[in-house]
Amino acid sequence: MVGKVAQCVYSPIYRLDALRQVYAGRVVLDIDRLEVRPGEILALVGPSGAGKSTLLRLLNFLEAPAGGTITFLGQTIADGRAPLPLRRQVTTVFQRPVLQQATVRDNIGYGLRLRGQPTDGVVEQMIARVGLTALACQPARGLSGGEIQRVALARALVIRPTVLLLDEPTANLDPYNVGLIEEIIRSHNAEHGTTIVLVTHNVFQARRLAHRAGLLLAGRLVELADAETFFTAPADPRTAAFVRGDMIY
Amino acid sequence: MNEIFAGLIEAVRLIAGGDSELFEIIALSLRVSGIALLISTASGAPIGVALGLTRTRAHGLITALLYTGMGLPPVVVGLFVYLMLSRSGPLGWLGWLFTPNAMIVAQTIIAWPLVTGLTMTAVRAVDPALRVQVRALGATMLQELWAVVCEARIGVVAAIVAAFGGIISEVGAVMLVGGNIAGKTRVLTTAIVLNTRQGEFTLAIALGIILLALTFAANVVLLRLQGNR
Ligand SMILES: Nc1ncnc2c1ncn2[C@@H]1O[C@H](COP(=O)(O)OP(=O)(O)O)[C@@H](O)[C@H]1O
Ligand SMILES: [Mg+2]
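Keeping their order, the protein sequence lines are chains A and B.
Following this note's numbering, the numbering of the first sequence begins with 1 at its first residue and continues without gaps.
Following this note's numbering, the numbering of the second sequence begins with 1001 at its first residue and continues without gaps.
Keep in mind that the hints were calculated from the coordinates and are not lab data.
Do not take every clue at face value.
Residues of chain B clear of chain A, computed beta-carbon distances all greater than 10 Å [to be verified]:
{"no.": "1", "residue": "Asp-1019"}
{"no.": "2", "residue": "Pro-1046"}
{"no.": "3", "residue": "Gly-1095"}
{"no.": "4", "residue": "Gln-1143"}
{"no.": "5", "residue": "Ala-1147"}
{"no.": "6", "residue": "Arg-1153"}
Which stretches of chain A does chain B cover? Using the computed rule of at least three CB atoms under 8 Å from a CB of chain B, they are [said to hold, decoys possible]:
{"no.": "7", "segment": "25-34"}
{"no.": "8", "segment": "94-100"}
{"no.": "9", "segment": "111-117"}
All of these numbers come straight from a predicted model, not from anything done at the bench.
No residue lacks a Cβ here, since even glycine has one placed at the ideal position from N, Cα and C.
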């Protein structure tokens, strides 16, 4: 009895069971078991093509898995079709976000308007938070890469998601934007307890942000551990090689 | 040369003085083309959006048909409508031949493929990643489709403006099915033809200036929209 209670100190945000994805007959993702804990920043690292983006699309219920289930906030979903109220508790900042032909302000308020929630005040606050106040009335299409990524982050954070999925959120950005975005991610997680799953091939970024980290290789979860262990004393030699930066891929 | 110059001055005087015959012609032109545009837009734009959003196996065929429709010679459309509406034609009982209604029908047939085809193209041109993006932000299926349409809005307006430019300056169809009857079916283009033939250059030039101004305005709108992309 006591042992059972100890296993249930928290109920996970996500629980993946035998989750598989297949594209054109090829298995690109095959995760036996994975739990995402409430309020954590979980970093999943892995080389390009490891299945990181695929995993995030599944976690955002944007496509149906070939097999297995995702249990999200206690509800088990097998076909990738989460009911709207559930689906609206998770959002993704993609590696290459698509902005709409509208001002920065209107782009950032989009998720709130979809939900029929008021945008005044919160949107302005969020614009200031990502340092875009001076550009608020500008059309989004003229923005630089770093600015686009900050609009995408603000647009996601302003809806106060339970879970935020980040797909290489700072790839190809300059150090100033990388620093700013990482700081916003960290502080938002600390202030609001937002659960964050970050996928990246950048080990350094994962190390700077993550509470727990995992290695994804050819669609499989090789190792998952708390950040300290993962980066300093990984159990799997492949993790050690990837963390050292001398994995050949 | 002198005659043209005199005609130009007289034309400006006619326009400025609010010549009633001139304004009757302008009003009818705008009415006929305006209604034709309204009908084409109300029925063509939604179909264009639907075609742009769906991927059917018949896509190639539909596109080919629409593009052919966009290039229909107005005079051929006029001939077709004439035959349909003539007393012995299948729609002869309507009694529309040589009335503004016949002109509206012809111009609707000319404008419809333009509105539909260009709208379809505009919707298809929207980044497919937008749909996934807005879905990830919590959009329902309807909100997702609406986001695509909003993104294509400039192209849709451009389609409508292009269709207007096409029919307001078209002469072959309205001449055939309207008959260019004074005070009844005489529009800008047919009036220019008639007055030029009769050597009435003053009125012809005045009408030409108005037509030019209208098509110029349409093109300015079009270019500004495209510049804004
Ligand atoms: N729509 C698709 N169709 C076919 N193969 C795909 C598709 N999307 C991704 N893949 C393949 O799946 C594998 C995993 O891709 P992805 O999840 O994007 O990896 P990562 O984000 O880790 O770079 C890659 O080999 C990729 O080529
Ligand atoms: Mg990826």
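- Message: If you test the structure against every hint from before, which numbers come out violated?
- Response: Checked against the structure, the hints that fail are numbers 4, 5, 6, 7, while the rest are satisfied.
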